[in-house]
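Q: Next come the chains, spelled out residue by residue.
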Amino acid sequence: QKEVEQNSGPLSVPEGAIASLNCTYSDRGSQSFFWYRQYSGKSPELIMFIYSNGDKEDGRFTAQLNKASQYVSLLIRDSQPSDSATYLCAVKVSPVGSQGNLIFGKGTKLSVKP
Amino acid sequence: GAVVSQHPSRVICKSGTSVKIECRSLDFQATTMFWYRQFPKQSLMLMATSNEGSKATYEQGVEKDKFLINHASLTLSTLTVTSAHPEDSSFYICSARTTGGDTQYFGPGTRLTVL
Chain A
1 QKEVEQNSGP
11 LSVPEGAIAS
21 LNCTYSDRGS
31 QSFFWYRQYS
41 GKSPELIMFI
51 YSNGDKEDGR
61 FTAQLNKASQ
71 YVSLLIRDSQ
81 PSDSATYLCA
91 VKVSPVGSQG
101 NLIFGKGTKL
111 SVKP
Chain B
1 GAVVSQHPSR
11 VICKSGTSVK
21 IECRSLDFQA
31 TTMFWYRQFP
41 KQSLMLMATS
51 NEGSKATYEQ
61 GVEKDKFLIN
71 HASLTLSTLT
81 VTSAHPEDSS
91 FYICSARTTG
101 GDTQYFGPGT
111 RLTVL
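Chains as they are written, first to last, in the working numbering: chain A, 1 to 114; chain B, 1 to 115.
Do not take every clue at face value.
Keeping only pairs whose Cα atoms sit at most 25 Å apart, straight-line, the calculated SDA-like set for lysine to any residue is [said to hold, decoys possible]:
(1) K106(A) x G53(B)
(2) K42(A) x S54(B)
(3) K41(B) x K67(A)
(4) K67(A) x T103(B)
(5) K113(A) x S69(A)
(6) K41(B) x I47(A)
(7) K64(B) x R28(A)
(8) K2(A) x S73(B)
Have a look at the derived ranges for each label pair, beta carbon to beta carbon [as the list claims (entries may be wrong)]:
(9) E15(A) x A72(B): 34 to 40 Å
(10) L26(B) x K67(A): 30 to 36 Å
(11) F39(B) x S82(A): 24 to 30 Å
(12) T82(B) x Q80(A): 42 to 48 Å
(13) S82(A) x V3(B): 19 to 25 Å
(14) T113(B) x G9(A): 42 to 48 Å
(15) T17(B) x P114(A): 41 to 47 Å
(16) S43(B) x Y71(A): 38 to 44 Å
(17) Q1(A) x F39(B): 17 to 23 Å
(18) K56(A) x P108(B): 24 to 30 Å
(19) A68(A) x H85(B): 45 to 51 Å
(20) S69(A) x T113(B): 41 to 47 Å
(21) T82(B) x S20(A): 30 to 36 Å
Heads up, incomplete: computed chain A residues facing chain B, CB under 7 Å, no partners named [said to hold, decoys possible]:
(22) Y39
(23) S43
(24) F49
(25) N53
(26) A68
(27) K92
(28) L102
(29) K106
Calculated directly from the structure, the hints in this document are not laboratory data.
Beta carbons are placed, not taken as given, at the ideal position from N, Cα and C, and that holds for glycine.
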């Protein structure tokens, strides 16, 4: 069973701090990794994706990937109350025997306190 | 770019009726679309994968005769909940994957309430 694990939280950080969200995955052959944000009562929206080991930055967001450790993280700099949401990690499973679907973690709830 | 719409956004129906939900990719072609269900305070659950021009692939435990999926074009997939019951009340979300790509873009969701 291919799995994606996230700490459910809630993760509480003060406004202006760095929020660090972590995710581990079981499928060593995975190549594509995604972070989505989901506000309460809304559908997920894509924040960013990462394919290669290392860091990828997009504005206040940085995704970090370590395939050897099967670990992907999302850093949010200068956290704002509007960042309060559930963050979903998603991993594309290996294509053999599948349609290349994304496996989602259960999400980490982030709360940014003013 | 990569906008996905869903219609309706909210529907309330009586038990025993059927409800159709549409999912459209507005500015890209999507060979593959996905249907998810999410109960309150729970994670996304993949129901089925819909491929244009072929039968949908359903996840284990999802009744294909109850949740009918049609993906007749590269921009439209529909989910019909047949003979809906109160336990089918949930947030139904579709996503679309760009042809040849990895990324899934989600629609805004449809909140179904069955009385």
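Q: Please go over all the hints and tell whether each is borne out by the structure.
A: Consistency of the hints with the structure:
1. K106(A) x G53(B): Given that 25 Å is the threshold and the Cα spacing comes to 31 Å, the pair is violated.
2. K42(A) x S54(B): violated (30 Å)
3. K41(B) x K67(A): Judged against 25 Å, a Cα distance of about 30 Å means the pair is violated.
4. K67(A) x T103(B): holds (19 Å)
5. K113(A) x S69(A): Violated, because 32 Å separates the two Cα atoms, which is more than 25 Å.
6. K41(B) x I47(A): holds (21 Å)
7. K64(B) x R28(A): Violated, at roughly 31 Å.
8. K2(A) x S73(B): Violated. K2(A) to S73(B) sits at ~31 Å, over the 25 Å cutoff.
9. E15(A) x A72(B): 34 to 40 Å: For A72(B) against E15(A), whose Cβ atoms are near 48 Å apart, the range 34 to 40 Å is violated.
10. L26(B) x K67(A): 30 to 36 Å: Once the Cβ atoms are compared, 34 Å apart, the range 30 to 36 Å for K67(A) and L26(B) holds.
11. F39(B) x S82(A): 24 to 30 Å: holds (26 Å)
12. T82(B) x Q80(A): 42 to 48 Å: Given about 44 Å between the Cβ atoms, the range holds.
13. S82(A) x V3(B): 19 to 25 Å: holds (21 Å)
14. T113(B) x G9(A): 42 to 48 Å: violated (28 Å)
15. T17(B) x P114(A): 41 to 47 Å: Given a distance of about 45 Å, which is inside 41 to 47 Å, the answer is holds.
16. S43(B) x Y71(A): 38 to 44 Å: violated (20 Å)
17. Q1(A) x F39(B): 17 to 23 Å: Distance hint for Q1(A), F39(B) holds at roughly 21 Å.
18. K56(A) x P108(B): 24 to 30 Å: Hint holds: Cβ distance 27 Å, inside 24 to 30 Å.
19. A68(A) x H85(B): 45 to 51 Å: Between A68(A) and H85(B), where Cβ atoms are some 48 Å apart, the hint holds.
20. S69(A) x T113(B): 41 to 47 Å: Since S69(A) and T113(B) have Cβ atoms about 44 Å apart, the given range 41 to 47 Å holds.
21. T82(B) x S20(A): 30 to 36 Å: For S20(A) against T82(B), whose Cβ atoms are near 45 Å apart, the range 30 to 36 Å is violated.
22. Y39: At about 11 Å, which exceeds the 7 Å cut-off, the nearest Cβ of chain B leaves the hint on Y39(A) violated.
23. S43: Holds - the Cβ of S43(A) comes within 7 Å of chain B, reaching about 4 Å at its closest.
24. F49: Because about 6 Å separates F49(A) from the closest Cβ in chain B, which is inside the 7 Å limit, the hint holds.
25. N53: Not OK, violated: N53(A) not within 7 Å of chain B, min 17 Å.
26. A68: Where the cut-off is 7 Å and the nearest Cβ of chain B is about 21 Å from A68(A), the hint is violated.
27. K92: holds (5 Å)
28. L102: holds (6 Å)
29. K106: Holds, because the Cβ-Cβ distance from K106(A) to chain B comes to roughly 4 Å (cut-off 7 Å).
Of the hints listed earlier, those the structure fails to meet are numbers 1, 2, 3, 5, 7, 8, 9, 14, 16, 21, 22, 25, 26, in rising order.
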